[in-house]
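Asker: The lines below spell out each chain.
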Amino acid sequence: EVQLLESGGGLVQPGGSLRLSCAASGFTFSNFAMSWVRQAPGKGLEWVSAISGSGDDTNYADSVKGRFTISRDNSKNTLFLQMNSLRAEDTALYYCVKVGGNSGYDYWGQGSLVTVSS
Amino acid sequence: EIVMTQSPATLSVSPGERATLSCRASQSVTRNLAWYQQKPGQAPSLLIYGASTRATGIPARFSGSGSGTEFTLTISSLQSGDFAVYYCQQYNHWPRYTFGQGTKLEIK
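In order, the protein sequence lines correspond to chains A and B.
Mind the numbering: the first sequence is residues 1 to 118 in the numbering used here, read in order.
Mind the numbering: the second sequence is residues 1 to 108 in the numbering used here, read in order.
In isolation and in its complexed conformation, chain A is listed as follows (with noise of 0.2 Å):
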């Protein structure tokens, strides 16, 4: 059974820094790419940064390039996000998915809150 598992979200002030982690369990975590998607309060869904499977290619969405970034361990399954320079704009629920071979996002962890307010 696919399983991510997300961490490191909390409150933070703006300016300030914080790591997400997401551990993944249940597939060959090094065979495939996988993204960070974030879900604002009340708000949809948005593409934030994704990586290659071996961690070679790494894109962002223009929003948050600069001060993001995604990184993988595939040796521990588990999926990074370095978040710097925090915004308000940045809160949000961070969704770490899996991509399939050619079926989008397949699997979807269950979210780590990001607050970001003085």
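Any given hint might turn out to be false.
Said to hold, decoys possible - In silico lysine-lysine, PhoX-like type, Cα no more than 20 Å apart, as pairs: (1) B:Lys-39 to B:Lys-104; (2) A:Lys-43 to B:Lys-39; (3) B:Lys-108 to B:Lys-39; (4) A:Lys-65 to B:Lys-39.
Unchecked claim - Derived list of chain A stretches under chain B, where covered just means 3 residues or more per stretch with a C-beta under 8 Å from a C-beta of chain B: (5) 43-51; (6) 67-77.
As the list claims (entries may be wrong) - Far from chain B, some chain A residues (derived; all Cβ distances over 12 Å): (7) Leu-11; (8) Gly-15; (9) Ser-25; (10) Phe-29; (11) Ser-54; (12) Ser-85; (13) Arg-87.
These are calculated hints, taken from the structure and not from any lab test.
Keep in mind it's a predicted model, so treat the numbers as computed, not measured.
Cβ coordinates follow ideal geometry from the N, Cα and C atoms, glycine included.
Mind docking chain B on chain A? Use the hints.
Answerer: Chain B in isolation, oriented as in the chain A frame:
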């Protein structure tokens, strides 16, 4: 960036009736289109991929159709657990897989 537009924003349907949700892409995404269901307090879950292929465990009352820029999700004979928010997503252009703004399916 490919913009996905869903309609209507809210759809009110009675249990047992059929619901038809629409999704339009700003440019062709061939058949690389997925639908997700999100119930309150839960993460989204994959319903349909490849425009018309049901994900594992999804009942046959959910069906998808379309290609290019126009897509439809049909839910026949609505059950109480089907009332949720539905999102379409294009995955034709890695890695910027964009979502529609969602359609809220509510009980009439």
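Asker: Run every hint past the structure and note whether it holds.
Answerer: How the hints compare with the structure:
1. With a C-alpha separation of about 10 Å, the suggested pair Lys-39 (chain B) and Lys-104 (chain B) falls inside the 20 Å cut-off, and the hint holds.
2. For a cut-off of 20 Å, the pair hint linking Lys-43 (chain A) to Lys-39 (chain B) stands: about 13 Å separates their Cα positions.
3. Restraint check for Lys-108 (chain B) and Lys-39 (chain B): satisfied, since their Cα atoms lie roughly 17 Å apart, inside the 20 Å limit.
4. Restraint check for Lys-65 (chain A) and Lys-39 (chain B): the C-alpha separation of about 30 Å exceeds 20 Å, so the hint is violated.
5. Check on the stretch 43-51 of chain A: 5 of its residues sit with their Cβ under 8 Å from a Cβ of chain B, so the three-residue criterion for coverage holds.
6. Restraint check on the stretch 67-77 of chain A versus chain B: 0 residues with Cβ-Cβ distances below 8 Å, three needed, restraint violated.
7. Against the 12 Å criterion, Leu-11 (chain A) stays outside the reach of chain B, whose nearest CB is about 20 Å from its own CB.
8. Listed as a non-interface residue, Gly-15 (chain A) keeps its Cβ farther than 12 Å from every Cβ of chain B; the least gap is roughly 27 Å.
9. The beta carbon of Ser-25 (chain A) is kept farther than 12 Å from every beta carbon of chain B, the shortest such distance being approximately 16 Å.
10. With a minimum CB-CB distance of about 17 Å to chain B, Phe-29 (chain A) clears the 12 Å threshold, and the non-interface call stands.
11. For Ser-54 (chain A), the condition that its CB be more than 12 Å from all CB atoms of chain B holds, with the nearest at approximately 14 Å.
12. Listed as a non-interface residue, Ser-85 (chain A) keeps its Cβ farther than 12 Å from every Cβ of chain B; the least gap is roughly 22 Å.
13. No beta-carbon of chain B comes within 12 Å of the beta-carbon of Arg-87 (chain A); the shortest separation is about 21 Å.
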